[in-house]
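Given the structure of chain A, go ahead and fit chains B, C and D onto it with the hints provided.
Number of protein chains: 4
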Amino acid sequence: MIHAGIVGSTGYGALELVRLLQFHPHIEITSLVSQSHEGEHIADMYPHMNGFTFEPFSSFQFETLKTVDVVFFATPAGIAKNDAPALIKAGVYVVDLSGDFRLQKSDYENWYQQTAAADEFLTEAEYGLPELNRDKLQEAALCSNPGCFATSALLGLLPAVNNSWINPDSVTVDGKTGLSGAGRTPSAKTHFSETNENTMPYKIGKHQHIPEIERYLMQSSEAEWTIQMSTHLIPMTRGLLCSMYAVQTDKSRTTEEWIDKYREFYRGHPFVRIHPYEQMPATKFVLGSNYCDIGIHVDQRTKRVAVFSALDNLMKGASGQAIQNANLMLGLEETCGLQQIPIYP
Amino acid sequence: MIHAGIVGSTGYGALELVRLLQFHPHIEITSLVSQSHEGEHIADMYPHMNGFTFEPFSSFQFETLKTVDVVFFATPAGIAKNDAPALIKAGVYVVDLSGDFRLQKSDYENWYQQTAAADEFLTEAEYGLPELNRDKLQEAALCSNPGCFATSALLGLLPAVNNSWINPDSVTVDGKTGLSGAGRTPSAKTHFSETNENTMPYKIGKHQHIPEIERYLMQSSEAEWTIQMSTHLIPMTRGLLCSMYAVQTDKSRTTEEWIDKYREFYRGHPFVRIHPYEQMPATKFVLGSNYCDIGIHVDQRTKRVAVFSALDNLMKGASGQAIQNANLMLGLEETCGLQQIPIYP
Amino acid sequence: MIHAGIVGSTGYGALELVRLLQFHPHIEITSLVSQSHEGEHIADMYPHMNGFTFEPFSSFQFETLKTVDVVFFATPAGIAKNDAPALIKAGVYVVDLSGDFRLQKSDYENWYQQTAAADEFLTEAEYGLPELNRDKLQEAALCSNPGCFATSALLGLLPAVNNSWINPDSVTVDGKTGLSGAGRTPSAKTHFSETNENTMPYKIGKHQHIPEIERYLMQSSEAEWTIQMSTHLIPMTRGLLCSMYAVQTDKSRTTEEWIDKYREFYRGHPFVRIHPYEQMPATKFVLGSNYCDIGIHVDQRTKRVAVFSALDNLMKGASGQAIQNANLMLGLEETCGLQQIPIYP
Amino acid sequence: MIHAGIVGSTGYGALELVRLLQFHPHIEITSLVSQSHEGEHIADMYPHMNGFTFEPFSSFQFETLKTVDVVFFATPAGIAKNDAPALIKAGVYVVDLSGDFRLQKSDYENWYQQTAAADEFLTEAEYGLPELNRDKLQEAALCSNPGCFATSALLGLLPAVNNSWINPDSVTVDGKTGLSGAGRTPSAKTHFSETNENTMPYKIGKHQHIPEIERYLMQSSEAEWTIQMSTHLIPMTRGLLCSMYAVQTDKSRTTEEWIDKYREFYRGHPFVRIHPYEQMPATKFVLGSNYCDIGIHVDQRTKRVAVFSALDNLMKGASGQAIQNANLMLGLEETCGLQQIPIYP
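Residue numbers (UniProt numbering), protein chains in the order written: chain A, 1 to 345; chain B, 1 to 345; chain C, 1 to 345; chain D, 1 to 345.
It is worth saying that the hints were derived from the structure and are not from the lab.
One should not assume that every hint holds.
The list cannot tell twin chains apart, which means a pair is met if one copy fits it or any two copies do.
What the hints assert, rightly or not - No farther apart than 30 angstroms at their CA atoms in a straight line, the calculated lysine-lysine pairs in the DSSO-like style are these:
#1 K203 - K66
#2 K303 - K251
#3 K189 - K203
#4 K251 - K105
#5 K261 - K206
Please read these numbers as outputs of a predicted model, since none were measured by experiment.
If we strip away everything but chain A, and leave its shape as in the complex, we get:
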């Protein structure tokens, strides 16, 4: 068995890793790190884990973690950039679920408002979107796992961008997410009575996934991409949908041609499902699974294209994708432990 450690073990990202790895055929968790809850047992904090036995949470100890095979950082931005490098040098595979290695230095410092990771590791980190980067991930030691909105938006835009089917200055991304994306720390913005029966824009003009999306669009195209993006909180726990709109470079293209092109692009990528003509994705169709579902519509009047891309923000948008990446890095089957049918209803 491959041994895994999880750092930041009390957040939603880590809980999802624990849920998924419990039945992974080749990876087992040997170390759960939580600075704030050292010595406690996961089932004491989380009654849903009753009956599942793990070692108690430990503090972050390099000597212990360097002996495992792969470490997942399910921490807020600012932790992995400091703690991951030594592990990588010690030969441990690292998957970072935070934003620490996703952006170039100046962008990170602008959008995250803190000092960036060392250049060496920014360069070494491979962006963990297997549909873009599978080959490189199979050689990577450090994986920078994408943001939830970035995964949805990139998967919805990449085939169009890669084929120059849309104009680089015409893209609008309207993102909608459930509340689990905001994490486990209570706040007025996540208080049930304030968010239930409510839809509201948030972080307008400031969401840190914007530069991430632009960066990786530019890796797939020679054009300069600047997107207009807004994010909204939706009264549901899990689920994320990006509705994206763009001007076609060739206005004669039809919905059917788009669907064909997307299916061709994602052939061999098991977690992207392109919906058939006139069937739109919905967040509930991917709940609890690692799928990203994409639906496409070319408007007959405007000739613009609309692409809808849905995923579970804790799965393909975070922990599911982290395991997909670890599978690739460790030479395992990409789908290992990730083939759950969505929970429905």
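Just chains B, C and D, lined up with the frame of chain A:
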């Protein structure tokens, strides 16, 4: 007292009219028309109405309705176009909450897939958006009450369109609505287990409010407006938000200039509230009230503008606005019976 | 106009008082007290209040408050017991929405874990359930407004208790409440991702409304009442339902006899609605209104009775009832400002 | 591999069987029967199934089904009683998820209002609650899978009943369920706008799980059990909680003694988790899993006991338990395919 009749009395729009008119100081309901529930009492069908006494539902009878002062059609498309004309000729004021008089003949027939109302009444009908049309509504006998998405989108776009601050071919409208907008008839799309914890696009490319928005934008501008619009079902009962994106004609304009311009435009219009800098609207801030709240953000990177426009789809998006229009038509104070503070939380 | 002050003006109870009093024909708010937000304006904290103008929040100042006619304490337990007495001595009417005057000294100290109010005021305080106490409230200077569960349970049990139709040791109360009952302070228990799609018992054996219910049952009967009560959090914002079960003293009584008896008991009490045979109440039927809806079923097999009692926890369960009490104390019509039809849907 | 057929393949129970069996190591689905959708593919009706390939739905054909090893009836009451007998005679194992074999003849006819199954099969059917009946299920050919409320209530009461710790005439069961329990057919009662933000009692005095619970309590005790039970719809999709109250036979017993006794009773039963002292179960702690979580509290004042029993109505309350039963009948490990950690949050 002014006497009112309501046709289509068992739907959500009618129930909201009943709730609001109960305490209207100058209008009282004297006739509730329901073909399918003739003879029944409203409180027998709707336990929330227990203790409120009305005449039983009657069938549609011209002889009775021609004696009231104002009739509200809270019916599906296709009823008012046939039944309203005789009432208008008999001197009754009519407010139609359906789409029967909102579009020109050919657009109606394309988007509603049925024969349009007689030309004479299409011409006579005044579009019931008081912030656009107040003077005309004060003279009108037939009011075509706007669609819920159209109200939100138009209020969010009109000041920009009227001042030529955005490019006519650059507008994207991403609409999000609670489920009450889908009415009272059960269906798979409105079944709790299918819609709860779910966000999904619907009627993509086909929503009948699209031509309605374009028509009234064109009344406020000499340009040709073609908008890109998508609508989404959100797991909440009431509330509607349009997030709108456009290219500025002058990229140097700031968020503050936009806010000032919008405040100037809506001065003297009591139901539009322009949010201050960096404060975004949310559907919960207008719940149960007749307000439309608007927030604006000019993106520093793209120079495009984002406008967010929130309302309660059954209030400013339907029945609240219908009463606002009736007040104007009947020479009453515009805000009569409509000054409720939003329900919070 | 009668002048009112509200202490604790930033909580949900106070916001509901503000919403209701805005259109009260005889009471106007002249003072909003908030220690923690002194100097701020209510609309700056609460965007739903945009456009409604009030004096900024002030700190608690006796000299100011003694000049108003009535003060509402919408504060946590522990404030009114200290601050209300001087106001009462100064001739100000006081309605306390907290639990400070609801229990006898020893019960208060046991269940609230703090020192009780002075005996003199515990004795003077009139319990603000008008359906039990209307005459006394019309003479009262200090009103102890009931708890939300206590209101629902007492209204559901009083006719049976008063007529000795149920056995005193046989009562089970299963309470279910929306999250707004837990107030505005964020916590893990009220975090959207934890409470949405979740039903959970809380404060089992410890809810402070238990001794309150028993105390006022005993005022209506010579028997000793000890109830079994549990409370549950339900994923909704507003609404409270008590499902109550008891053994009948005379097992031959029918559902119809119960309904008749309850209707007789509540004749002349405008805010209690007894549902007809086989129609059960639901929290949505009272949303945003001051009604308490009651449905009754005698089980043909067990001969036990089930009583279901629904209200809006912020209305009849808190602020609506507080205004009902103030109306009585001030010699106004009991229903003044409170006749809203429930919001539906 | 063991071959399975599912009859009634388009309902929520069948979809959950499909989800679970997809990764069952020993059972594979070879036949999906749906009379109303013959010839269609499951992924065409259910987009969440995109990418999972099954034979198209077939009509019910005895010749085909008699060749599989086990057939699950996920049909409404009234189907299995007619169609299962021939399969059993043909040597096929049958698990019926409907109520057709749960009650004795007269009770079935009273509560289900239709003719009962043939006596021979009512007698042969083994009640599929493994915690009560494991040995018999290992020998059974026909399993009558319990109702969702019955599973929760019985698991919460059996240890007390079996040990005579509560009085037989003192039990109150207050049941709360999410909407998926009401199935997939749209109706006013399951329409989002009516049920969201709503808690309502339903089927009061008429729920067909009442006689089922009593029947199996009586198999575990010599006493005559008559329970008082109410059921409520809660605005969530999945999840069921029974809150149960009873008078202790020995009032000196403590919460700790109860917890010990329950842990002893369920030793060796992997899907029942008894919560520690003062920790209550919640429906979210079992979501998507086959667990039933139980918490117990002895009230210090009333000396009565409260037992809270939570499960996922589609898992341990239906399809999860059906697979648990099939595992036992087929000689497999009881937990096979069912060890998922609950989805959280």
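To see whether the hints hold, each was checked on the structure:
Proximity of K203 and K66 under a CA criterion of 30 angstroms is satisfied in neither setting, with 37 angstroms inside one chain copy and 44 angstroms between copies. In this assembly of identical chains, K303 and K251 lie within 30 angstroms of each other by CA distance both inside one copy and across copies; the values are 6 angstroms within and 25 angstroms between. Taking the closest pair of Cα atoms, K189 and K203 come within 30 angstroms of each other both inside a single copy (12 angstroms) and across two copies (25 angstroms). Taking the closest pair of Cα atoms, K251 and K105 come within 30 angstroms of each other only across two copies (28 angstroms); inside a single copy the shortest separation is 38 angstroms, beyond that limit.
Proximity of K261 to K206 under the C-alpha cut-off of 30 angstroms is restricted to the inter-copy arrangement: shortest distance 24 angstroms between copies versus 32 angstroms within a copy.
Taken one by one, the earlier hints fail for this structure only at number 1.
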